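Asks: Spelled out, the chains give:
2 protein chains.
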Amino acid sequence: MKPIIGRVTSMDVAALAGVSQSAVSRAFTPGSSLSAAKRELILSAAKKLNYVPNSIASSLTTRRTNMVAVILGNLDNPFYVLVLKALAARLQQRGTQILTFTVENGASSDDALMRVLRYQVDGIILTSAQLSTRMTSMCHDRGIPVVLFNRYIPGSDASGVRCDNAAGGRLMADALLKAGARSFAVLKGDPRGSTSQDRFQGFAERLLEDGIPRSAILELEGQSIYRGAHAAVLRAFQDEGRKVPDAIFGINDTMAMGAMDALRGVMGLRVPDDVMIGGFDNIDEADYWPYRLTTVRQPAEEMADETLKLLDLDNPGAEIQPGIDIKLPGELVWRDSIPR
Amino acid sequence: MKPIIGRVTSMDVAALAGVSQSAVSRAFTPGSSLSAAKRELILSAAKKLNYVPNSIASSLTTRRTNMVAVILGNLDNPFYVLVLKALAARLQQRGTQILTFTVENGASSDDALMRVLRYQVDGIILTSAQLSTRMTSMCHDRGIPVVLFNRYIPGSDASGVRCDNAAGGRLMADALLKAGARSFAVLKGDPRGSTSQDRFQGFAERLLEDGIPRSAILELEGQSIYRGAHAAVLRAFQDEGRKVPDAIFGINDTMAMGAMDALRGVMGLRVPDDVMIGGFDNIDEADYWPYRLTTVRQPAEEMADETLKLLDLDNPGAEIQPGIDIKLPGELVWRDSIPR
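Protein chains in written order, with our numbering: chain A, -1 to 338; chain B, -1 to 338.
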């Protein structure tokens, strides 16, 4: 049987430990100041009385649960692991924990959001692709702030934070053109995701300025993941015998790495001598010695900062301004996969 | 202002949509059968009435919150991302979500567990290193099942699931000895973590059987992460000018990869010709072309299965048997970083 929870109050603990009630509260609040000895005393008293403050019971009066839902599309992409870490560090700092929801790659987030609404959360951060405008308005009606991370929903007034993906795509096209590339392939991610579309769009627009039409770009489906890109490259250039272009743009780094490994490891080509490779994100692995991938850095930490500012957890009553679209610039990081 | 939540009941929604109350319940339960048209009707009625079932309010009667806390030590180690994915897939399947708590590498989990106890969770899975026996007994007293994932606490009766790390260490020593190695270095992780200790222990015991004492093994502190191992290898073999041994055992794959990149990328050595490298975990990256790392596979999926069996979420009243220590065998995966 479970013991009965919540009958013992912080006053009981304070009395037993011989400290103030506020000291008991501080003992259970991350980051608050309290001497080790006093904390030890309070924890020992709490244990004797089987007392622990219950955020959820108290949330019924304060309406705060100190939980934020994060809907994640794809932990196979190391960039989203970086994002999760950046968000967790900031939220935990203020005593808020992440309730994670994962969505199959490319699937709609509507079901996930419906699951989220079964819980009482202080806010929702959505990092995965598809979402209907009805679901965002459903959260809005319930007063739960929703922030889109690195995506937007056309026709919706949901607010969000993203990297300027189109401008980043332009930066990469520019780098490859300057290095002398004239023929191109692109490894695309989720075809319905705004991130992949925008990066490709910016990339194609810049190429067009140099007279290369979009129809001349070979489009490969890399499914946003290393193995997807690896397989797509081998299918196109080995099985179907297509001509390897001067340059391949991986819409994210993990796909660029999959392409590099297929081209070098299986087909025996050299990067950048035989084929240049560009990526996007600047995950840690892009800097590892076997890759040294030239890429567009996404400012993940700054994006996490802006996301929490938009969520505005300190003002639970306030509504998020609709239609805010914060775009942070990406930045080209030169390494060795494109000659300079 | 937030709207008032929970006044509208599923009966109101059923009445408006012209369906049964059980259909409304099914519309909000993941995986239950309902036609798309009926679901659409119910969601539309729910939206009009601003109704969503509230797991937390209902948890006050059922004592179930459909949340499991997972305490994570180190998302810089891709193995723990695999673990998180494996647990999330299984828990989400049964309508349970993960509340994540992260702990600094090497830090005590006591603070994290104290934070966990502010929430009402159906169970706790602990994947990070340090924990006092007092904290586990505190959870036990409150009737919250705790399962240790890939670690144990000496002197505690907390139950857990782990890879047979000592036997895995033996497997790796055996492989390296058979390949002709006679001098060894080990890249260790968290020195207080049972995982790192046990792998090293099994490794050293097997070497001793071939007459190589533990004192002859060079011990390097890799801090469980790629960059830590990279730096430790350069410090020992480049800065301090120590002799590079025949073989280096990375206590986990990401450290083995960091060692490989330092030895090859900075020092110009060849693997396995100049130095053999072994790892542990079998993360996806171990199979990537630049690494092709011979390693010990941890059965992450099976470990996740056993963890959920121990948690026994379907029997909330039942207590976990204390002192259960499920050890699953690792398995040597041969690739190219050790000659065969």
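Hint data in this document are derived by calculation from the structure and do not stem from the laboratory. These numbers come from a predicted model, not from an experiment. A hint or two may mislead.
Same chains, same label: a pair holds when it works inside one copy or across any pair of copies.
As a list, the in silico DSS-like pairs of lysine-lysine whose alpha-carbon atoms are at most 30 Å apart [as the list claims (entries may be wrong)]:
no., residue 1, residue 2
1, 45, 307
2, 46, 83
3, 83, 307
Asks: Decide, hint by hint, whether the structure agrees.
Replies: Consistency of the hints with the structure:
no., hint, in the structure
1, 45 x 307, "between (37 Å within a copy, 28 Å between copies)"
2, 46 x 83, "neither (35 Å within a copy, 37 Å between copies)"
3, 83 x 307, "both (17 Å within a copy, 28 Å between copies)"
Hint compliance for this structure: hint 2 alone is broken.
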